[in-house]
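Got chain A; can you put chain B on it based on the hints?
Taken in order, these protein sequences are the chains called A and B. If you're matching positions, the first sequence starts at 1 in the numbering used here and goes up one per residue. If you're matching positions, the second sequence starts at 1 in the numbering used here and goes up one per residue.
Please note: incorrect hints may appear among the correct ones.
Identical copies look the same in the list; a pair holds intra-copy or inter-copy alike.
[Said to hold, decoys possible] Below are the DSS-like pairs computed for lysine-lysine, each with C-alpha atoms no more than 25 Å apart in a straight line: (1) K92 - K26; (2) K112 - K26; (3) K144 - K185; (4) K81 - K124; (5) K185 - K135; (6) K112 - K80; (7) K199 - K187; (8) K144 - K199; (9) K7 - K80; (10) K80 - K68; (11) K81 - K187.
Keep in mind that the hints were calculated from the coordinates and are not lab data.
There are 2 protein chains.
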Amino acid sequence: MNQGDDKIALILSASQKRFGRYGLSKTTMNEIAADVNMSKASLYYYFKDKESIFLAVNAKEQNDFTEKIRQVIQAERTAKKMLFDYTVYRLKLLQKQLSLAKLNNENYHEVKPLIHSLINTFKKTEVSIITDILKKGVERKEFKIRDVNSYAELFIDIQRGLRQHRFSGYIDKGIYVIPARVYHKLKEQSELFTAIFLKGLCNN
Amino acid sequence: MNQGDDKIALILSASQKRFGRYGLSKTTMNEIAADVNMSKASLYYYFKDKESIFLAVNAKEQNDFTEKIRQVIQAERTAKKMLFDYTVYRLKLLQKQLSLAKLNNENYHEVKPLIHSLINTFKKTEVSIITDILKKGVERKEFKIRDVNSYAELFIDIQRGLRQHRFSGYIDKGIYVIPARVYHKLKEQSELFTAIFLKGLCNN
Numbered sequence: 001m002n003q004g005d006d007k008i009a010l011i012l013s014a015s016q017k018r019f020g021r022y023g024l025s026k027t028t029m030n031e032i033a034a035d036v037n038m039s040k041a042s043l044y045y046y047f048k049d050k051e052s053i054f055l056a057v058n059a060k061e062q063n064d065f066t067e068k069i070r071q072v073i074q075a076e077r078t079a080k081k082m083l084f085d086y087t088v089y090r091l092k093l094l095q096k097q098l099s100l101a102k103l104n105n106e107n108y109h110e111v112k113p114l115i116h117s118l119i120n121t122f123k124k125t126e127v128s129i130i131t132d133i134l135k136k137g138v139e140r141k142e143f144k145i146r147d148v149n150s151y152a153e154l155f156i157d158i159q160r161g162l163r164q165h166r167f168s169g170y171i172d173k174g175i176y177v178i179p180a181r182v183y184h185k186l187k188e189q190s191e192l193f194t195a196i197f198l199k200g201l202c203n204n
Numbered sequence: 001m002n003q004g005d006d007k008i009a010l011i012l013s014a015s016q017k018r019f020g021r022y023g024l025s026k027t028t029m030n031e032i033a034a035d036v037n038m039s040k041a042s043l044y045y046y047f048k049d050k051e052s053i054f055l056a057v058n059a060k061e062q063n064d065f066t067e068k069i070r071q072v073i074q075a076e077r078t079a080k081k082m083l084f085d086y087t088v089y090r091l092k093l094l095q096k097q098l099s100l101a102k103l104n105n106e107n108y109h110e111v112k113p114l115i116h117s118l119i120n121t122f123k124k125t126e127v128s129i130i131t132d133i134l135k136k137g138v139e140r141k142e143f144k145i146r147d148v149n150s151y152a153e154l155f156i157d158i159q160r161g162l163r164q165h166r167f168s169g170y171i172d173k174g175i176y177v178i179p180a181r182v183y184h185k186l187k188e189q190s191e192l193f194t195a196i197f198l199k200g201l202c203n204n
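One chain only, chain A, in its complex shape (with noise of 0.2 Å):
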């Protein structure tokens, strides 16, 4: 790691703790620079604003996941704890990522498109992630199943789909602070999937 990256580092990890706790709309480019203790002008080398860095923390909390989750697929002897531990990990990367994004409804447009390429890519990295598990639960003999690939997409599709269905209420209005009873909701039934799924794919 050189200087630079260094420097971009140190910038995320300050900036993600005030989104978290503050939120886009209500966080500076002056506060982010305090933080650091870096000039303005030096922060704006780095980030031309502070919708940039708001998409770099989503990004990395991103990469974060999806290294974490190779790991844990790694450790697991089976693909049927794998797909689990997925489950549970996204969850709580949706967690952060609703933490990051208290955002107001005039920002929420700024940024939408932009999300929304972040939100595509991410989506090929899921499918191919659940793919590798499917693959190695027919290997194991553990599923019986032949197009891996579409199974994989409607897994994801439908964890998408129940966020997209359980948060609409909210998100439409630009409000990205879901209620606690909401998130658990989904979360039950984002487990109850899991295991609805899996015993669908069963080799008995």
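For chain B alone, coordinates are given in the frame of chain A:
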């Protein structure tokens, strides 16, 4: 059926054809009145505006579906087949709903709150139908599940979530004309999910 009901049935059936062909935004009360050989004043006696007719047409589609699916369920021998029938008929209803809803952006925002209340009521009906199917499956020892209601709600939420996820790029922009390939992808996923769900519930 009294004469008023007769007239209403006539108005709804004519409007249904017109909405299906031209959408809400391109239909006028004048045209509907002409279609049913009625003066504009008489039409306004039954419905205050075209949006009210639109909602009544949608409500009628939902009731027709509920009636039809109850008949189909009566005729089927296995709960498994009932759930599959449900998925197939629900997709047909969706096609009708999409065809009626050629809304432009402006109209969409007008009728959205009204449509949402229709959607929420209909969701309860859907969950109760699926609950009945699952209960029959448990009685007949096809399924081995305890909390039938959670499974029924999850089934409906997943089907709704899949639709929402698949259509979000279009409906966000108020465009209700869904390309055929997008509909077919949804149909594929909806049916594959039903198959996995059924296998996940089975008793062996």
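For each hint, the structure was consulted:
1. K92 - K26: within (24 Å within a copy, 47 Å between copies)
2. K112 - K26: For K112 and K26, only the intra-copy Cα distance (17 Å) is at most 25 Å; the inter-copy one is 31 Å.
3. K144 - K185: between (30 Å within a copy, 23 Å between copies)
4. K81 - K124: Result: close within a single copy only, 22 Å intra versus 34 Å inter.
5. K185 - K135: Classified as between: cross-chain Cα gap 23 Å, same-chain 30 Å, threshold 25 Å.
6. K112 - K80: The answer is neither: 35 Å in one copy and 41 Å across copies each exceed 25 Å.
7. K199 - K187: both (18 Å within a copy, 22 Å between copies)
8. K144 - K199: Both. Shortest intra-copy (11 Å) and inter-copy (12 Å) distances satisfy the 25 Å Cα cut-off.
9. K7 - K80: Result: close neither inside a copy nor across copies, 41 Å intra and 59 Å inter.
10. K80 - K68: Answer is within: at 18 Å inside a copy they meet the 25 Å cutoff, but 39 Å across does not.
11. K81 - K187: For K81 and K187, the Cα distance is within 25 Å only inside one copy (17 Å; across copies 29 Å).
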